[in-house]
Amino acid sequence: MTIHPHRQVIIIGSGPAGLTAAVYVARASLTPLVIEGEPSSSSDQPGGQLMLTTEVENFPGFPEGVQGPELMQRMRDQAARFGAEFLTEKATKIDFSARPHRVWVRDDEYSADVVIVSTGARSLMLGLPNETSLIGHGVSTCATCDGFFFRGQEIVVVGGGDSAIEEATFLTKFASKVTIIHRRDKFRASKIMQERALANPKIVVRWNAQVTGLIGESKLSAIEVTDTVSGATETLQVGGLFVAIGHRPNTDLFADVLTRDETGYLVTEPGSTRTNIPGVFACGDVQDHTYRQAITAAGSGCMAAIDAERWLERQHATPAK
Amino acid sequence: MAENVVTLTTANFDETIRSADTPVLVDFWAEWCGPCKQIDPIIREIATEKAGVLTVAKLNVDDHGDIAMRFNVMSIPTMIVFKNGEAVGRFVGARGKTALVSDLAQYLA
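Read top to bottom, the protein sequences are chains A and B. Read in order, the letters of the first sequence are residues 1 to 321 in the working numbering. Read in order, the letters of the second sequence are residues 1 to 109 in the working numbering.
Hints are computed from structural coordinates only; laboratory data are not their basis. Using N, Cα and C, we set each Cβ at its ideal position, and we do this for glycine too. Heads up, some of the hints might be wrong.
[Stated by the list, open to error] Quick look at which bits of chain B chain A covers, simulated, 3 or more residues with Cβ under 8 Å:
#	stretch
1	14-28
2	31-41
[Claimed, not checked] Keeping only pairs whose Cα atoms sit at most 25 Å apart, straight-line, the calculated DSS-like set for lysine-lysine is:
#	chain 1	residue 1	chain 2	residue 2
3	B	Lys37	B	Lys97
4	A	Lys202	A	Lys186
5	A	Lys93	B	Lys83
6	B	Lys50	B	Lys97
7	B	Lys83	A	Lys219
8	B	Lys50	B	Lys37
9	A	Lys173	B	Lys37
10	A	Lys173	A	Lys202
Taking the hints into account, I'd like the entire structure generated from these sequences.
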């Protein structure tokens, strides 16, 4: 067990929110420690959800678009330039019951006056019994990683939001046919992405349907699809299945400590990033179930950094509070 | 420490996994795979730290898709542990160093 020297600011999470907060906090010479997460093949990794996307077309300042991983690398480099320090680990435990606030990575203890929580959201899976064992054997959590292996095959993308439509469009580079299975009769995705997908001759949409079974022992061979209106089921032969049915905020670490809403998002005071605990601020998708964009996450990261700086100034101005 | 990591090709793959006197960890990767890039430094650190007890090798699936297909690799990164030419362990998906070291431990006894 190691107790690391106390510092003023710890940032947990390193998507657009955490890294923007890091840029601002570092420029204020507060040398933040960014506990950036661990590598994984899901969006729960350093850099967050953009690490699994390809072209980002709506981040201002990049008229030609920018690759998601490149954008995140640039944000990280920018924070590092001003002195942010990085720990490529996942926070495993927190204690915000006394000052200073404490954060653990396994047995290593870190403490800070301010903690900025930007742990983001992770992709939901279908929750079918053999889903986990079929990951890497036809079920994929990462279209950009695995699309290549489905060259010339028929595959399925589940979901109706921007991520699903983006994945489906991306996967037509490899697959002979991409079926989007969506439980409603219209998409949630932005109009421009929908139009692009619906105009793609390789994409077909199965509306009002859910994937209710995965068939295959060592390798996915087919799926069971249930019509949400008629209840009828059918079997569809597929080589690959990509799931993009939405996200859940990463707030398990803060259960019973930080106030969460009924869907698990952290609650912040309106117009600020303040949580229910003084000195703990939340930004990005972990507290946003409305906008969930890279740019709004970055904006709220900036807010968290400014809220944190002002809070620290007040602490020094009026001790014993 | 790149010298600790063997670059596999169709030409040296079988020879490498069969003739090594330690277990061989093969990391199936590609340039366009973000999670593969994230674990690359971890793979290289393990290669250095486990030198003599584990041979670490990388196979680019873009260049040698035939070998990826032979082992039914459908997702990268996939890491396969070989002993005397036989695949004895398989990990699909990126993970942190602590997790990977602990996953590997049972094959290094």
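Q. Is A:Lys202 within 25 Å of A:Lys186, Cα to Cα?
A. Holds - the C-alpha atoms of A:Lys186 and A:Lys202 are around 19 Å apart, at most 25 Å.
Q. Do three or more residues from the stretch 31-41 of chain B put their C-beta atoms closer than 8 Å to C-beta atoms of chain A?
A. holds (count 8)
Q) Keeping to a limit of 25 Å between CA atoms, is the pair of B:Lys83 and A:Lys219 held or broken? A) 24 Å, holds
**Q.** Given pair status - B:Lys97, B:Lys50, alpha carbons within 25 Å
**A.** Cα-Cα ~13 Å, so holds.
Q) When you check the alpha-carbon spacing of A:Lys173 and A:Lys202, does it fall within 25 Å? A) 9 Å, holds
Q | Check of the stretch 14-28 of chain B against chain A for coverage (Cβ-Cβ below 8 Å, three residues minimum) | A | Violated, because only 0 residues of the stretch 14-28 of chain B bring their Cβ atoms closer than 8 Å to Cβ atoms of chain A.
Q) Does the alpha-carbon distance linking A:Lys173 and B:Lys37 stay inside the 25 Å limit? A) 22 Å, holds
Q.
What's the verdict on B:Lys50 and B:Lys37, does the C-alpha distance respect the 25 Å limit or exceed it?
A. Holds, at about 20 Å.
**Q.** Straight-line alpha-carbon gap B:Lys37 to B:Lys97, limit 25 Å
**A.** Satisfied, since the Cα-Cα distance of roughly 13 Å is no more than 25 Å.
Q) Taking only the CA atoms, is the gap from A:Lys93 to B:Lys83 under or equal to 25 Å? A) At roughly 38 Å apart (the allowed maximum being 25 Å), B:Lys83 and A:Lys93 break the hint.
Against the hints set out earlier in the document, violations occur for numbers 1, 5.
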